[in-house]
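Given these sequences and hints, build the entire structure.
Number of protein chains: 2
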Amino acid sequence: MSEPRFSNALFADLYELTMAQAYWQHGWQAEATFSMFFREYPPDRGYLVYAGLEDLLNYLDEFRFEERDIEYLRASARFDDAFLDWLTDLRFTGSVRSMTEGEIFFANEPVVEVTGPIIEAQLVETYLMNQINLQTTLATKAARVMHAGRGRQMVEFAARRTQGTDAANKLARVTYLTGFAGTSNVQAAAMYGIPPVGTMAHSFITSFPSEREAFEAYVDSFPDSTTLLVDTYDTIQGTRNAIEVGLALQQRGHRLRSIRLDSGDLLALSLECRRMLDDAGLNYVDILASGGLDEYDVQALVDVGAPIAGFGVGTKLGVSADAPWTDCAYKLVEFDGRPVLKLSTGKETLAGRKQVWRVPDVSQFGLDVIVPADEVPPAADAIPLLHDVVRDGKRVGASPTLAELRQRFAESFARLPEPLKALRSPASYEVGISSTQRELQRQVRDEVVARELG
Amino acid sequence: MSEPRFSNALFADLYELTMAQAYWQHGWQAEATFSMFFREYPPDRGYLVYAGLEDLLNYLDEFRFEERDIEYLRASARFDDAFLDWLTDLRFTGSVRSMTEGEIFFANEPVVEVTGPIIEAQLVETYLMNQINLQTTLATKAARVMHAGRGRQMVEFAARRTQGTDAANKLARVTYLTGFAGTSNVQAAAMYGIPPVGTMAHSFITSFPSEREAFEAYVDSFPDSTTLLVDTYDTIQGTRNAIEVGLALQQRGHRLRSIRLDSGDLLALSLECRRMLDDAGLNYVDILASGGLDEYDVQALVDVGAPIAGFGVGTKLGVSADAPWTDCAYKLVEFDGRPVLKLSTGKETLAGRKQVWRVPDVSQFGLDVIVPADEVPPAADAIPLLHDVVRDGKRVGASPTLAELRQRFAESFARLPEPLKALRSPASYEVGISSTQRELQRQVRDEVVARELG
Chain A
6 MSEPRFSNAL FADLYELTMA QAYWQHGWQA EATFSMFFRE YPPDRGYLVY AGLEDLLNYL
66 DEFRFEERDI EYLRASARFD DAFLDWLTDL RFTGSVRSMT EGEIFFANEP VVEVTGPIIE
126 AQLVETYLMN QINLQTTLAT KAARVMHAGR GRQMVEFAAR RTQGTDAANK LARVTYLTGF
186 AGTSNVQAAA MYGIPPVGTM AHSFITSFPS EREAFEAYVD SFPDSTTLLV DTYDTIQGTR
246 NAIEVGLALQ QRGHRLRSIR LDSGDLLALS LECRRMLDDA GLNYVDILAS GGLDEYDVQA
306 LVDVGAPIAG FGVGTKLGVS ADAPWTDCAY KLVEFDGRPV LKLSTGKETL AGRKQVWRVP
366 DVSQFGLDVI VPADEVPPAA DAIPLLHDVV RDGKRVGASP TLAELRQRFA ESFARLPEPL
426 KALRSPASYE VGISSTQREL QRQVRDEVVA RELG
Chain B
6 MSEPRFSNAL FADLYELTMA QAYWQHGWQA EATFSMFFRE YPPDRGYLVY AGLEDLLNYL
66 DEFRFEERDI EYLRASARFD DAFLDWLTDL RFTGSVRSMT EGEIFFANEP VVEVTGPIIE
126 AQLVETYLMN QINLQTTLAT KAARVMHAGR GRQMVEFAAR RTQGTDAANK LARVTYLTGF
186 AGTSNVQAAA MYGIPPVGTM AHSFITSFPS EREAFEAYVD SFPDSTTLLV DTYDTIQGTR
246 NAIEVGLALQ QRGHRLRSIR LDSGDLLALS LECRRMLDDA GLNYVDILAS GGLDEYDVQA
306 LVDVGAPIAG FGVGTKLGVS ADAPWTDCAY KLVEFDGRPV LKLSTGKETL AGRKQVWRVP
366 DVSQFGLDVI VPADEVPPAA DAIPLLHDVV RDGKRVGASP TLAELRQRFA ESFARLPEPL
426 KALRSPASYE VGISSTQREL QRQVRDEVVA RELG
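From first to last, the protein sequence lines stand for chains A and B. Everything in the first sequence is counted per our numbering, starting at 6 for the first residue and increasing by one. Everything in the second sequence is counted per our numbering, starting at 6 for the first residue and increasing by one.
Wrong hints could be hidden among the right ones.
In this list, chains with the same sequence are indistinguishable; a pair is considered to hold if it fits within one copy or across any two.
[As the list claims (entries may be wrong)] Below, in silico cross-link-like pairs of lysine to aspartate or glutamate (EDC-like), each with a Cα-Cα straight-line distance of 16 Å or less:
1. 399 / 435
2. 352 / 270
3. 352 / 249
4. 352 / 45
5. 352 / 239
6. 352 / 332
7. 399 / 67
8. 399 / 66
The hints are simulated quantities; they were obtained by calculation from the structure and are not laboratory data.
Structure below.
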């Protein structure tokens, strides 16, 4: 990676900076709280999986405008010199309450709330939204793919077709969080300590005088960890070649690991190839499948019992193809002790700092209630979903490891009621708004309407 | 940005590295050519806009495995020590032929061909595809949005909802290439020399005791460049407030620049707000519109003559919402002087190094012909689309500037026949395959079938 020329503090919409100057010139320094939430479910989603917090925390730790950033802003002739001098010394001194990464949550629930001097809480908006939206979108998609697999091994193959390198690396992280066995992306594997996985490409086969010679060359290099790609010319003939190479390998005391189908009718081919492998005594050789698969394809193959041990899932997972964006928002909900809201058509926000309580039933997922932050729990056994993660600019405790998040997600997802997990038209989970929150909302709305429209 | 722990050479699918070791151990060092192309049009696309080359060239310049990458690979216990030592010294010494960024091209045309020792040409696959796919997808979407605007000013507001920070920055670049006036993303503006643009957020308004006071504070800070967001509480009342603030500003010798509508019925509101502004003598104040818009929304508003001078386009542009991925491929087409192909069901590739010739008509877009690379032009006035950009590891000439690419794209797009630009069900452009290419294809296919399936 070439050295970045500008700091991540500059990854901000211009209006964050112009508003910052206007706040500053107006002496607007009081404490503000911004709340991030997802307004609606993307199509066919009955739950969402929260992710992106760790990158937000790293960003807040490092938040500062470097000299080259300030020089750029000064050269734009848009900003006041005294403001830019002040910006040079700015650090994030606020506090953050957030769900834990991997938390299963629902529409309209605040997932993270940032409290601090208004300029700080405002300036972090663009990066915060970008990362939490990206990682939540991809984690939610990944959970669907995992669920469709019903225990088959899932690996992530999307790096070449994600929307950029940042998305590729974050995808590897959140797919592992939701239970994938590994990623093909070596950079991400190295960054996050995820198992790197891989097979071989058609180019390897076509560079050799014959498929058989290509297979032999590859197993010579990796006698104990080879997956042979069998569809370059003809899947059945390719499987015959793989069997011969696998039997020769066995005689040398090694085991072919698997074959990969990447095109054609995966059900019919997997049945035929399984039979061929078994007939040859290679029942230990697994069949993997790949090639434009999404959770619907995986579910269909699993439902009919296709003898496929693992799936390589790429493009459609990697961009969350059926729901590539969400209607998320980061809105000011309190300023200088005063709850605030906007009334824009179809986009009214919930005023004030909030908490989300999960009232458990046997599954843990009974119902959730959104309440003002300082309110008592709605039930004795209710569990708060927002926790202090940054206080006065300092992290509260150590972050969970990715392995811990993965374990916690697996336990939590196992308890999520099945109707909510449906890939099409899932059931809807009950999210209540407490009577105190409703009353606060009514008061603030009435006050705003009287003031602005009276 | 925190310092990256691993180099971009590690941004590769694991199989690129395992295949590299197998090639190396097998003594497979001959020259290979890989070709990248897009198999099919995404929905409702009749053309594509090529982008991503500049990042590829920077990547090739910097291509190397750093010590920490090698240490990681060694620790994985997957690789041969001698191979890793060899990898430490590897640089990209090959050659690249590519279309120019901003070129309008069509399905199945090679956009870039990489020729070099097979290991080098193979190892760059993941990054090359990731960037060219991303930037081509976004540039194509951006061209559609520009086209829908029919000369209205377009600005890119997507940074918070793109799939990651890399996508946000590359989006800003390619939207500017296709004619956008600017981006809200300050980091991208600084990186690429693009005009940064912005207005104000609802949070600014709601932090003040009233909308009117918020407007006054903002114009105090930016008396000559303010766009007032008028929909926080009620768009008509907000416009009344904006008019009062605008008239007061005028008396002080300044001009309110514009107002922004961000919700509700944009046609009805723009007509009403335009009338209100004009009645108040503020005919110089423009109306901007934003809020979940895509090319279809923009086209509908422009077609009915909504008095909107400019559009802020975000999320749906930023992820290419209706077509977030493409069926692109990077395939081996020649090895050691021998044209090769794969026959996988539905994915047969065109063998050999190729050229694309554009045979012009009055519009420049007559028809394109895909031919073997060394073939003579199909017509005297035909224009080759692939050019040498890297030769033996060194760049050929300086890259065009972004401003030059923007100019060239504008001229080229103006000549693209209108039926191809239709946002729904566009006409299809004729892409021929020369008889020599067909004959080559037949020969290679016959040879492969005889060898592998005979």
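The hints, checked one at a time:
no.	hint	verdict
1	399 / 435	neither (35 Å within a copy, 61 Å between copies)
2	352 / 270	between (46 Å within a copy, 13 Å between copies)
3	352 / 249	neither (63 Å within a copy, 26 Å between copies)
4	352 / 45	within (11 Å within a copy, 38 Å between copies)
5	352 / 239	between (54 Å within a copy, 12 Å between copies)
6	352 / 332	within (10 Å within a copy, 36 Å between copies)
7	399 / 67	within (11 Å within a copy, 37 Å between copies)
8	399 / 66	within (8 Å within a copy, 40 Å between copies)
Comparing the model with each earlier hint shows violations of hints 1, 3; every other hint is respected.
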